[in-house]
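Protein chains: 2
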Amino acid sequence: MESTALITDPYELTMAQSYIEHGKTGRAVFSLFVRRLPENRNFLVACGLETLMKSLENFKFGDDQLKYLKSLGIFKDWFLDYLRELELDLEFYVMDEGTIFFQNEPIVQVEGSLPKAQIIETLVMNIIHFETVIASKAVRSYLTAKGRTLVDFGLRRAHSFTGGLLGARASYVGGFNGTSNLQAGMMYGIPVFGTMAHSYVMIFDEEEEAFRAFAKSFPERVFLLIDTYDTVEGARKALKLLKDGIRVIGVRIDSGDIPELCREVRRIFDEEGFRDVKILVSGGVDEYDIDRWLSEGAPIDAFGVGTKLLTSSDAPYLDIAYKLVEYEGKPKFKESPGKKTFPYKRQVIRYYEKGKFSYDRVVKYEEGELIKKLSFPLPTLKEIREKVLHQLSQLPEELKTLKKVDYRVEVE
Amino acid sequence: MESTALITDPYELTMAQSYIEHGKTGRAVFSLFVRRLPENRNFLVACGLETLMKSLENFKFGDDQLKYLKSLGIFKDWFLDYLRELELDLEFYVMDEGTIFFQNEPIVQVEGSLPKAQIIETLVMNIIHFETVIASKAVRSYLTAKGRTLVDFGLRRAHSFTGGLLGARASYVGGFNGTSNLQAGMMYGIPVFGTMAHSYVMIFDEEEEAFRAFAKSFPERVFLLIDTYDTVEGARKALKLLKDGIRVIGVRIDSGDIPELCREVRRIFDEEGFRDVKILVSGGVDEYDIDRWLSEGAPIDAFGVGTKLLTSSDAPYLDIAYKLVEYEGKPKFKESPGKKTFPYKRQVIRYYEKGKFSYDRVVKYEEGELIKKLSFPLPTLKEIREKVLHQLSQLPEELKTLKKVDYRVEVE
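Line by line, the protein sequences give chains A and B. Residue numbering for the first sequence is 1 to 412, as defined by our numbering. Residue numbering for the second sequence is 1 to 412, as defined by our numbering.
No wet-lab data here; the hints were simulated from the structure. Mixed in with the good hints there might be a few duds.
Any copy will do: because identical chains look the same in the list, a pair fits if it lies in one copy or spans two.
To be verified - Each computed DMTMM-like pair below joins lysine to aspartate or glutamate, with the alpha-carbon atoms no more than 20 Å apart: (1) Lys334 to Glu233; (2) Lys382 to Glu209; (3) Lys387 to Glu91; (4) Lys354 to Glu57; (5) Lys237 to Glu50; (6) Lys278 to Asp89; (7) Lys330 to Glu206; (8) Lys60 to Glu2; (9) Lys146 to Asp406; (10) Lys54 to Glu2; (11) Lys334 to Glu412; (12) Lys278 to Glu397; (13) Lys339 to Asp257; (14) Lys364 to Asp205; (15) Lys334 to Asp257; (16) Lys340 to Glu271.
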């Protein structure tokens, strides 16, 4: 990874220079938290800590960065030297990745010399915000799909390829089974999955010819896209292959009246005893579709969820903030209308009733379960995903639906 | 930049292998176009071509990528060798970056050997889609701000840092004057801009002390954030600095009743003759706010537009597709419900009336103004931005508002 040092706002650096000039280099605590949950979210899933830690390792001001900063004519030479030598000896008090959290609960708290804790603000926000947005979106598909397979198909409409990569990671954390993003497969070991595009079907003179050609190329991976011309006809052609002894694993439907088509396609296969052929649905799918289609009894085995997942289209951002809460042991807070903050480093205490989350209290920092001083090694991606799924079993049922429910968080 | 070769879906590669196995390596044309404009967009601004070309230069399958692909057990060895030697000798028929376009108009058309034109699908879509989304969002702020300064403040909530970087580029194309993203400043030469955060004000015992400390550090860049405690009081403290001969360039207001506060703050400065002090407003601003505030007569000189710009929150994605339209000179199209495509490589002819866009026709390809074979060098970012601003002068007035108006596009 290239240097991440300029993934920041100029004001982080002007403030840092000025802090040093005025002797403000004491111990500060900054807190990253979400003020209010979006209207379409009952809970959030903390995500991005590993990405953040890797990015901070590359937070180095080298020649290119310093030459550019000097060219701006804003910074003093001694400050550029300070940046060149910068060591981020900061302490992080964090929720584990995969922790379910709510409003006003600190996800990441950064403690250390004021200029250093300030300088990383933009990077901390950028990374934790995005992966948290996506993990929190993905888990909604997980809850509505009730055990069906979920594959991230979002790379092509993700916001940049890094957005696609980190989004694949975050969707996996949020309960997805795989991705169509090969880079995510290589970098994170996430299972990859793919079928075929309409272009493949169109390049052959007949749809059936295309299906047979694909089966010849990949006899163990015959997953056929059947909606290029007529979905029901497409299913009948897939059936012909099955009757010829070709092992069609599944079919993909990307358009049309999904519940109706799925029922008809299912019947075509079932009538001939091919009950194992899977039906995968894609094409602008989100958790609202999944919920509606399954409640209508549509026989769907798997969903390719793409655009609306990786853009988190119904809640593309969080009201997240990285705020100074403590300096040299003294409380810090602001009073801007609608943007009040709470002072001090914090712990979150989660109360349970009959094994389910009951309510949370946010208290002055003490040792506890939810927020700990960061230590290495970090958990693996699989462990993070399992942590999410375990907590879902502790989540009150009403929070698991797509209907808005507020969870109680008391801030001391 | 690292290899971009795995920024793709597995199916691009399985299809490519199968195409070659079945002798389907003839000349194909794929077309990237938007089927329908989002409800909140009257026109779109093509963006991302330079980023795409740079990414394609790095579309190389090296040892890491090939080792990973081999580990999947899907691909034949001869195909992995093909990928290692892959040369993307493709032709691109494109709209210049910064071209205003509408539904069913091809932005990028890729012509060449079928497997090669197929393999780059995901990368083409990912890059052009995102930058087009952001440029098309940014230009709405440009149109409503009517000459006031616009700065991209979105990095912290952009979808990944690459999203922030490319988003800064695309906002500049869409008429923004600068960004708070230092990396974008370094890489693209976009003017950078920053003020101070609430933490800076909070770290001093008194707000006025903070203002004076900042002025001492950066006497030529005194831009003060005045809403940490009480905005009007904050303005009065800024006034004290002005009366002491400190050149306060401007103040930033990040919360509260914006039109009301701006009027009061303006009055405080104007009454004492400091008419040059700028008022910059930030905090969840978008074009709807800008339009409303300015129509209420709020005296605002500049806007910091962030979260809603770089997530394009009211239209975070486009109904964009990359479709096979021609193979070996023959037309290709599909008939999926709601997702029909038009065959052949295309040209767009724009008709004008009294110097304004009247309607467009999408015809079979012939030489023309809007779509040309890609040639180098590409225009500079400033030239692209100027192209956008020039076309805005040719855009019918009704298309420039935030009210939905449909532009006529005839497809032959």
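Results for each hint:
no.	hint	result
1	Lys334 to Glu233	between (64 Å within a copy, 14 Å between copies)
2	Lys382 to Glu209	neither (40 Å within a copy, 50 Å between copies)
3	Lys387 to Glu91	neither (24 Å within a copy, 48 Å between copies)
4	Lys354 to Glu57	neither (42 Å within a copy, 58 Å between copies)
5	Lys237 to Glu50	neither (47 Å within a copy, 43 Å between copies)
6	Lys278 to Asp89	neither (52 Å within a copy, 38 Å between copies)
7	Lys330 to Glu206	between (75 Å within a copy, 15 Å between copies)
8	Lys60 to Glu2	both (9 Å within a copy, 18 Å between copies)
9	Lys146 to Asp406	neither (23 Å within a copy, 41 Å between copies)
10	Lys54 to Glu2	both (11 Å within a copy, 16 Å between copies)
11	Lys334 to Glu412	within (16 Å within a copy, 61 Å between copies)
12	Lys278 to Glu397	neither (29 Å within a copy, 52 Å between copies)
13	Lys339 to Asp257	between (45 Å within a copy, 13 Å between copies)
14	Lys364 to Asp205	neither (70 Å within a copy, 22 Å between copies)
15	Lys334 to Asp257	between (52 Å within a copy, 17 Å between copies)
16	Lys340 to Glu271	neither (63 Å within a copy, 31 Å between copies)
Violation of the numbered hints given earlier is confined to hints 2, 3, 4, 5, 6, 9, 12, 14 and 16; the remaining hints are satisfied by the structure.
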